[in-house]
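As given, the protein sequences belong to chains X and Z, one line each in that order. Our numbering puts the first residue of the first sequence at 41, with every later residue one more than the last. Our numbering puts the first residue of the second sequence at 165, with every later residue one more than the last.
Among the clues, some could well be false.
Just a few of them, taken from the derived set where beta-carbon distance is under 10 Å, the chain X residues facing chain Z [unchecked claim]: (1) 52; (2) 53; (3) 56; (4) 96; (5) 142.
I should point out that these hints are in silico values taken from the structure, not numbers from a laboratory. Note that the Cβ used here is the ideal one computed from N, Cα and C, for glycine as well.
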Amino acid sequence: DGGITQSPKYLFRKEGQNVTLSCEQNLNHDAMYWYRQDPGQGLRLIYYSQIVNDFQKGDIAEGYSVSREKKESFPLTVTSAQKNPTAFYLCASIGEESGSYEQYFGPGTRLTVT
Amino acid sequence: KNEVEQSPQNLTAQEGEFITINCSYSVGISALHWLQQHPGGGIVSLFMLSSGKKKHGRLIATINIQEKHSSLHITASHPRDSAVYICAVRYTGNQFYFGTGTSLTVIP
């Protein structure tokens, strides 16, 4: 089955440590996204990539970094510079299905930093 | 300003009721998506609209481009419809902007 996988589902880290969240897709989609979800707020865009070896900052990129070395993979690193890293992180991709663009989301990673 | 507003924020309904969730946006868009988020956090795309109306089972989505407004309707609601429903709009390019969601609880 095609889809997006994120791992791990839950992640715990100590303050000051960098942590990398995995996102893999087998949908052959060019565009991939990282969002952050906090209680009471809509999803906010961290980074997105429209093609391999290219990515753009979203609205809240500070304290995060990404890479896109392969079409299938778009890992997100939460650095120690991110002031409030505890959140639910969602990876998504967009592709054309039956003549229209559809969004596909991974199951998410809940990161807790103490 | 790229604002997406949903109403209501929270909604409780009896099983079988007809439900409407609204989404308004501030500037012209190229597409609008309705998403469903389950308690575990996973998000599923329900509809993508650029005009008119779409129907899938008991779900109906409409969009009025002139009024910058979309509605998601659920007919004959069921407890398994309990979830957070999120509206997302796409302007030019490939960026999406999301509403804060409507939390729906359907009581048996």
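Hint-by-hint comparison with the structure:
| no. | hint | verdict |
| --- | --- | --- |
| 1 | 52 | violated (16 Å) |
| 2 | 53 | violated (19 Å) |
| 3 | 56 | violated (26 Å) |
| 4 | 96 | holds (9 Å) |
| 5 | 142 | holds (5 Å) |
Consistency with the previously given hints fails for numbers 1, 2, 3, ordered from lowest to highest.
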